[in-house]
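Each protein sequence line maps, in turn, to chains V and Y.
For the first sequence, the numbering used here puts the final residue at 382, and the numbers step up evenly by one.
For the second sequence, the numbering used here puts the final residue at 382, and the numbers step up evenly by one.
Hints listed in this document are in silico derivations from the structure and should not be mistaken for laboratory results.
Hints should not be assumed to be uniformly reliable.
For identical chains, the list gives no copy identity; a pair is met inside one copy or between any two copies.
What the hints assert, rightly or not - No farther apart than 27 Å at their CA atoms in a straight line, the calculated lysine-lysine pairs in the DSS-like style are these:
id, residue 1, residue 2
1, Lys129, Lys365
2, Lys81, Lys346
3, Lys81, Lys107
4, Lys278, Lys116
Number of protein chains: 2
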Amino acid sequence: MKTITIKDIAQKCGVGVSTVSRAINNHPDISEETKTMIMEVIKEHNFIPNNSARNLKRLDTRTIAVLIKDIDNPFFQKMIKVFEEEIQNRKYIFILQRIDSNQDEIEVALELIKEKRLKAIVFLGGNFSHQEGKLQELTVPFVLSTIAMTDNIDKHFYSSVSIDDVNESYKVVDYLCNSGHNKIAILAGYSWDESISKLRIEGYCKALNKHEISINNNLIRYTSKNRDSHTMENGYQLAKELLESKEEFTAIYAISDSMAIGACKAILDCGKSIPEDYSIVGFDGLDITNYYNPSITTIRQPVEDMAKETTNILFDLINKKITNQHKIFGGELIIRQSSGRLED
Amino acid sequence: MKTITIKDIAQKCGVGVSTVSRAINNHPDISEETKTMIMEVIKEHNFIPNNSARNLKRLDTRTIAVLIKDIDNPFFQKMIKVFEEEIQNRKYIFILQRIDSNQDEIEVALELIKEKRLKAIVFLGGNFSHQEGKLQELTVPFVLSTIAMTDNIDKHFYSSVSIDDVNESYKVVDYLCNSGHNKIAILAGYSWDESISKLRIEGYCKALNKHEISINNNLIRYTSKNRDSHTMENGYQLAKELLESKEEFTAIYAISDSMAIGACKAILDCGKSIPEDYSIVGFDGLDITNYYNPSITTIRQPVEDMAKETTNILFDLINKKITNQHKIFGGELIIRQSSGRLED
Numbered sequence: 039m040k041t042i043t044i045k046d047i048a049q050k051c052g053v054g055v056s057t058v059s060r061a062i063n064n065h066p067d068i069s070e071e072t073k074t075m076i077m078e079v080i081k082e083h084n085f086i087p088n089n090s091a092r093n094l095k096r097l098d099t100r101t102i103a104v105l106i107k108d109i110d111n112p113f114f115q116k117m118i119k120v121f122e123e124e125i126q127n128r129k130y131i132f133i134l135q136r137i138d139s140n141q142d143e144i145e146v147a148l149e150l151i152k153e154k155r156l157k158a159i160v161f162l163g164g165n166f167s168h169q170e171g172k173l174q175e176l177t178v179p180f181v182l183s184t185i186a187m188t189d190n191i192d193k194h195f196y197s198s199v200s201i202d203d204v205n206e207s208y209k210v211v212d213y214l215c216n217s218g219h220n221k222i223a224i225l226a227g228y229s230w231d232e233s234i235s236k237l238r239i240e241g242y243c244k245a246l247n248k249h250e251i252s253i254n255n256n257l258i259r260y261t262s263k264n265r266d267s268h269t270m271e272n273g274y275q276l277a278k279e280l281l282e283s284k285e286e287f288t289a290i291y292a293i294s295d296s297m298a299i300g301a302c303k304a305i306l307d308c309g310k311s312i313p314e315d316y317s318i319v320g321f322d323g324l325d326i327t328n329y330y331n332p333s334i335t336t337i338r339q340p341v342e343d344m345a346k347e348t349t350n351i352l353f354d355l356i357n358k359k360i361t362n363q364h365k366i367f368g369g370e371l372i373i374r375q376s377s378g379r380l381e382d
Numbered sequence: 039m040k041t042i043t044i045k046d047i048a049q050k051c052g053v054g055v056s057t058v059s060r061a062i063n064n065h066p067d068i069s070e071e072t073k074t075m076i077m078e079v080i081k082e083h084n085f086i087p088n089n090s091a092r093n094l095k096r097l098d099t100r101t102i103a104v105l106i107k108d109i110d111n112p113f114f115q116k117m118i119k120v121f122e123e124e125i126q127n128r129k130y131i132f133i134l135q136r137i138d139s140n141q142d143e144i145e146v147a148l149e150l151i152k153e154k155r156l157k158a159i160v161f162l163g164g165n166f167s168h169q170e171g172k173l174q175e176l177t178v179p180f181v182l183s184t185i186a187m188t189d190n191i192d193k194h195f196y197s198s199v200s201i202d203d204v205n206e207s208y209k210v211v212d213y214l215c216n217s218g219h220n221k222i223a224i225l226a227g228y229s230w231d232e233s234i235s236k237l238r239i240e241g242y243c244k245a246l247n248k249h250e251i252s253i254n255n256n257l258i259r260y261t262s263k264n265r266d267s268h269t270m271e272n273g274y275q276l277a278k279e280l281l282e283s284k285e286e287f288t289a290i291y292a293i294s295d296s297m298a299i300g301a302c303k304a305i306l307d308c309g310k311s312i313p314e315d316y317s318i319v320g321f322d323g324l325d326i327t328n329y330y331n332p333s334i335t336t337i338r339q340p341v342e343d344m345a346k347e348t349t350n351i352l353f354d355l356i357n358k359k360i361t362n363q364h365k366i367f368g369g370e371l372i373i374r375q376s377s378g379r380l381e382d
């Protein structure tokens, strides 16, 4: 069977290829009538316009790379999808490049700029501890998306899209305190992590301080170096160690949803109930928290909006419409079955 | 601050750059003593050998692309990680390219071969319904990994790594029948899906036939066209519709774990118990099935081994050591809390 091409469609419709193209792309310069006729022929012949092949052909240097740390984290899945859509809608080629935890993202970016003639870059996830001079070596526009940035870098040198980790973390712990909990454990990242783990612990401490609850360092549980941080397995192990320790607690705040799921399972495995014996809250707003049994209280990050804003800023930078921008999104506390009021 | 380079390290150690490189890469041609000395200097100066940058520089045409359909499916996450490691270990550049469900993967591949001068391609996920002639247009070695291929293509024209969907599906339904279930619903993909959904339904029917259970078409629940197939939401909706119908059943077999999770939640939401009221089984072996409450019975696909074998075949093809190969892996039935014996 011969594959139907755009030329065949044009011929069948008695119009030019560019008219078919306008119909497909919903271009204003085409009458509704002609468009409807063409779309019917397209449907009838099961013709699928191959956008990707078309883009690759026409626009070989219009490439934008998304450099991602921690690609396993399901948190990034929805963002990647939006990046791809937004970038391809603007007729740019989308490249996804993983960065290993021991790689220098700026070195990788510099090489990609050279080899792939990139137009712009999105750095996604992880933390950034580069010097200003290093950032200035990047000769194309870039945006840091959901990246914790060290404070001492002049904000004129980069653009960013993020949430306020301290404030969102404060929100969730404040909610637990208001529900009567005052022995709240936190499952955190590595002790040397200067990034989101540190910021979320900061928010945790801030909320406890507000409620005049003294901080018990034994309830701050760091990930040990031989384990991956934001995983269900790590949440399970940290909660298990906590249960086996002599520390008393009535609630667990895990700094990511995956860890919260692991913590739930550890508690259920030892015959305890959620939220009757322990309240559990997570962070991120993954879909699975809604499907887990019990459903899990969490802070939902508006990931789709954040990804869209990232591309908006990026294209404004490409088109030289703006200077560097910094956009902070608010999270949403979603209270579900896994947390409840502490009964005396 | 000047960045430390491999030259600086070599100078400080009083050795050549190639010796430092050998130390980093754990090459056998270097004494333990020299290696230890060099690694200490590296550590002292916080030098991070930048593999990626090095690869990009040296080997700009040695690129291998993984073209993936359905990137949201968590099933592929572990495979992508293995692909990246295996490809980078062999000093090739790894590119991940998404294919939309309405895109023609071969057209995209042909453009990538031209634009990026690819050495080889892995097609990951989805189904393949191309003609032989189309496959022969691909001028570089390629392997179809976890892809359902239409039977009428000569196996000399491609290599593949997969599981036997019919047989694995048979296994899980046979287990349910042996546990006393004879009213087993299946949550499937689209009714027109000629790919894994069809094959897994085939295995389901085969097992029922063996147990002399007549097939009730009302218990075969297809995904409606306006929903994504392998999602928790879809599993939830399909199970809910099933519960609201008049059909009697005692077990649900979902053809993917994500759908099984949704089905569990639907059953729990309507106040029923798992496995006391309904047994649930999934397919794939996602980590979450072990952490869900209850943990979910599933068929585990050996995804890491399958990804490794895919790259092994690919590099053997690149090095012209072999002709096209087809490797079928076995799955493992993991019985967990979500399924049990039907009591009379």
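- [ ] Pop the pair Lys278 and Lys116 into one bin, within, between, both or neither, using alpha-carbon distances up to 27 Å.
- [x] The answer is between: 25 Å across copies meets 27 Å, while 31 Å in one copy does not.
- [ ] Since the copies are identical, ignore which copy is meant and state whether Lys81 and Lys346 lie within 27 Å (CA to CA) inside a copy, between copies, both or neither.
- [x] Classified as neither: same-chain Cα gap 31 Å, cross-chain 40 Å, threshold 27 Å.
- [ ] Have a look at Lys129 and Lys365 and pick one of within, between, both or neither, based on CA distance no larger than 27 Å.
- [x] within (25 Å within a copy, 39 Å between copies)
TODO: Up to 27 Å between alpha-carbons, please classify Lys81 paired with Lys107: within, between, both or neither.
DONE: between (41 Å within a copy, 23 Å between copies)
Comparing the model with each numbered hint stated earlier shows that hint 2 is the single one that does not hold.
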